[in-house]
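Visitor: Listed below, chain by chain, are the residues.
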Amino acid sequence: MLRLGAVRRVSRPLVRAYATPASPHALVLLEHRAGVLDSGSLSALTAATHLGGQVTGLIISGPDGGSVVAKAKKLKGLTGLLHSTSELYSAPVPETVSPLLTALLGNTPYTHVVSATTSFAKSLLPRVAAQLDVPAVSDITSLEHDAASNSTTFTRPIYAGNAIATVKASSSIPVKFFTVRGTSFTAAPSDDNTSVDVQEVDPVAVSDSPTEHVKTSLTKSDRPDLGVASRVISGGRPLKNAETFQATLYPLADVLGAAVGASRAAVDAGYADNSLQVGQTGKVVAPELYMAFGISGAIQHLAGMKDSKLIVAVNKDPDAPIFQVADVGLVADLYEVIPQLVEKLKQ
Amino acid sequence: MRPSVARLLNILVPVKRAVDYAVKIRVNAQQTGVDLNVKHSMNPFDEIAVEEAIRIRERLKETVKSIKVVTIGPPKSLDTLRTALAMGADSAIHVEIPESAPSPEPLGVAKALRAIIDRQKEAGGVDLVILGKQAIDDDSGQTGQMLAGLLGWGQATYASKVDIDAEGKVATVLREIDGGSEELKCRLPLIITTDLRLNEPRYASLPNIMKAKKKPVEKLKAEDLGVDLTPRLETVKVAEPPKRVGGGKVESVDELVTKLKEAGFTAV
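So the protein sequences, as listed, match chains D and H. Our numbering applies: residue 1 is where the first sequence begins, and numbers increase by one. Our numbering applies: residue 1 is where the second sequence begins, and numbers increase by one.
Hints should not be assumed to be uniformly reliable.
Unchecked claim - When the alpha-carbon atoms are kept at most 20 Å apart in a straight line, the in silico EDC-like pairs for lysine to aspartate or glutamate are as follows: (1) H:LYS249 with D:ASP319; (2) H:LYS219 with H:ASP139; (3) H:LYS161 with D:ASP268.
Said to hold, decoys possible - Rough simulated footprint, nothing fancy, chain D against chain H, three-plus residues with beta-carbon under 8 Å: (4) 124-132; (5) 245-254.
Unchecked claim - The calculated label-pair distances, taken between Cβ atoms and stated as ranges, are: (6) H:GLU234 with D:SER39: 25 to 35 Å; (7) H:ASP79 with D:SER23: 26 to 36 Å; (8) D:GLN324 with H:ASP35: 51 to 61 Å; (9) D:SER23 with H:PRO242: 47 to 57 Å; (10) D:LYS220 with H:ASN208: 42 to 52 Å; (11) H:LYS214 with D:GLN324: 40 to 50 Å; (12) H:GLU255 with D:THR216: 42 to 52 Å; (13) H:PRO102 with D:ASP146: 18 to 28 Å; (14) H:SER205 with D:SER90: 46 to 56 Å; (15) D:THR216 with H:LEU36: 39 to 49 Å.
I should point out that these hints are in silico values taken from the structure, not numbers from a laboratory. For each residue, glycine too, the CB sits at the ideal point set by N, CA and C.
Make the full structure from the sequences, and use the hints.
Guide: Here's what the structure looks like:
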């Protein structure tokens with residue numbers, strides 16, 4: 001059983017004047033891996049604070065989640081923190097976590113459910129939203145809450161980022177679910193002086209889950225994580241094969257301390273791992289510096305990187321569409337350019 | 001020895017007609033949406049879903065009893081169904097909505113799909129629903145998960161490999177996750193959503209396109225299913241994204257390095 005009574009006591013004012021709309025109260029899913037809070041979740045927390053009300057974090061973890069909870073307690077912007085731990089949540093699947101969320105949301109005053117646009121949250125939130133019969137808004141880039149009408153207006157990219165839709169969730173949607181594009185909000189900082197109370201929430205037992213986690217294989221890398229790196233070096237089809245891809249791009253990435261990304265062509269051809277794909281169907285990045293080598297700049301690729309601060313493109317084809325968005329373009333053979341760049345940047 | 005009882009699988013594949021992926025879209029002058037007088041085709045992720053259903057049948061032969069495709073959309077969506085039939089689906093359902101009607105939201109679509117699945121009960125039910133992971137027009141990526149939630153079924157999103165054991169009514173699915181992949185063991189009935197890497201969709205051959213014209217298409221309306229497809233989120237505005245202006249080209253690596261250093265990007 002959930003200790004819903006306890007949750008309710010902290011979050012709902014005891015007396016509410018007639019016709020005063022409920023002040024927003026967001027529940028933010030704080031994801032973590034190997035004891036580290038997901039940076040996308042920190043951006044989602046920032047987005048949640050823009051609603052102007054209370055913000056309760058939710059951490060679900062296996063039995064070893066204590067260190068993450070200790071870190072999350074210090075996050076700026078949180079007014080409360082829930083922690084639910086169970087063996088079930090060590091390798092969570094939506095089928096085992098959604099009952100916890102529906103139970104939490106069933107009888108509590110949350111007005112918004114917020115998460116980063118991660119693969120886990122994208123799988124989980126719509127499932128829960130449908131069970132509560134409410135729509136969900138994906139990958140928002142800005143938001144504004146109007147307390148008077150209890151409506152929230154979001155902007156989000158559609159058509160691979162080639163149009164920006166403004167959508168309004170009115171008061172008729174009692175709980176507003178949305179996922180947040182991490183690159184559109186700064187990550188919430190930690191503050192050693194703050195520490196919110198942690199409330200343990202009993203897990204909801206799922207005895208007969210239709211799906212079972214078998215194993216996870218993560219791509220190991222010493223480089224910064226692509227989604228949050230401040231510099232990204234990306235390669236496309238001309239990189240020939242996986243060995244050439246690495247031998248060519250990695251030295252430059254190392255010099256600049258950059259993450260490595262790839263176009264879909266490079267990923268499909270097996271030069272780079274799937275998780276490195278930048279674009280509509282891969283990762284959306286917005287680093288300080290994005291360097292595209294041998295990438296033509298298809299709409300789907302641009303969708304994943306055109307919010308980068310400085311875009312540098314090196315391509316043999318002077319008419320490649322990437323040059324239309326690049327701040328600095330160089331028409332040249334990447335095999336000649338990269339070694340020179342490595343050398344000259346080192347000087 | 002008695003022959004093992006054949007488990008007959010029924011697969012449902014929802015597809016969407018969307019603006020072709022290669023079209024450079026334009027926002028209309030009223031800022032209410034994008035100009036839709038452009039080439040449309042089947043949502044690329046849905047093509048992968050149809051292809052996967054056909055491949056499952058190619059692997060499991062008669063164990064797959066039916067592959068039914070369904071779309072919810074204006075009259076022209078029939079073309080999309082015909083494409084799926086030409087690829088190898090057996091029959092189709094078209095939930096027709098008026099040309100002028102707003103595009104239904106994932107939740108409405110999921111409810112319509114649930115109603116369709118209910119109606120299939122007499123025909124042996126549905127064991128597997130394969131959807132695209134997202135439509136490339138609204139980029140929501142919600143319908144499959146919502147349908148799984150409504151039905152209380154298992155879900156395997158972003159699938160890059162699907163292995164069905166029809167006998168045991170279980171599926172092993174490899175899924176793409178942030179940072180790598182994950183393997184799930186799922187009990188049927190199941191909702192799968194496709195990632196790009198699941199397969200390479202086939203082209204329909206001309207004879208198959210001709211044959212597809214004779215395959216049955218059942219027409220339904222939202223009222224027949226008892227669902228309301230009216231959007232619950234209000235689209236206030238659709239705008240062009242801020243234009244990015246290219247900064248021009250440099251002539252040499254030296255100039256490039258200078259620009260990088262000016263912007264503060266040096267070796268770490």
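Visitor: Now look at each hint and say whether the structure bears it out.
Guide: Evaluated hints:
no.: 1; hint: H:LYS249 with D:ASP319; in the structure: holds (12 Å)
no.: 2; hint: H:LYS219 with H:ASP139; in the structure: violated (27 Å)
no.: 3; hint: H:LYS161 with D:ASP268; in the structure: holds (15 Å)
no.: 4; hint: 124-132; in the structure: violated (count 0)
no.: 5; hint: 245-254; in the structure: holds (count 9)
no.: 6; hint: H:GLU234 with D:SER39: 25 to 35 Å; in the structure: holds (32 Å)
no.: 7; hint: H:ASP79 with D:SER23: 26 to 36 Å; in the structure: violated (49 Å)
no.: 8; hint: D:GLN324 with H:ASP35: 51 to 61 Å; in the structure: violated (20 Å)
no.: 9; hint: D:SER23 with H:PRO242: 47 to 57 Å; in the structure: violated (33 Å)
no.: 10; hint: D:LYS220 with H:ASN208: 42 to 52 Å; in the structure: holds (45 Å)
no.: 11; hint: H:LYS214 with D:GLN324: 40 to 50 Å; in the structure: holds (47 Å)
no.: 12; hint: H:GLU255 with D:THR216: 42 to 52 Å; in the structure: holds (45 Å)
no.: 13; hint: H:PRO102 with D:ASP146: 18 to 28 Å; in the structure: holds (23 Å)
no.: 14; hint: H:SER205 with D:SER90: 46 to 56 Å; in the structure: holds (49 Å)
no.: 15; hint: D:THR216 with H:LEU36: 39 to 49 Å; in the structure: holds (41 Å)
Checked against the numbered hints above, the structure violates hints 2, 4, 7, 8, 9; every other hint is satisfied.
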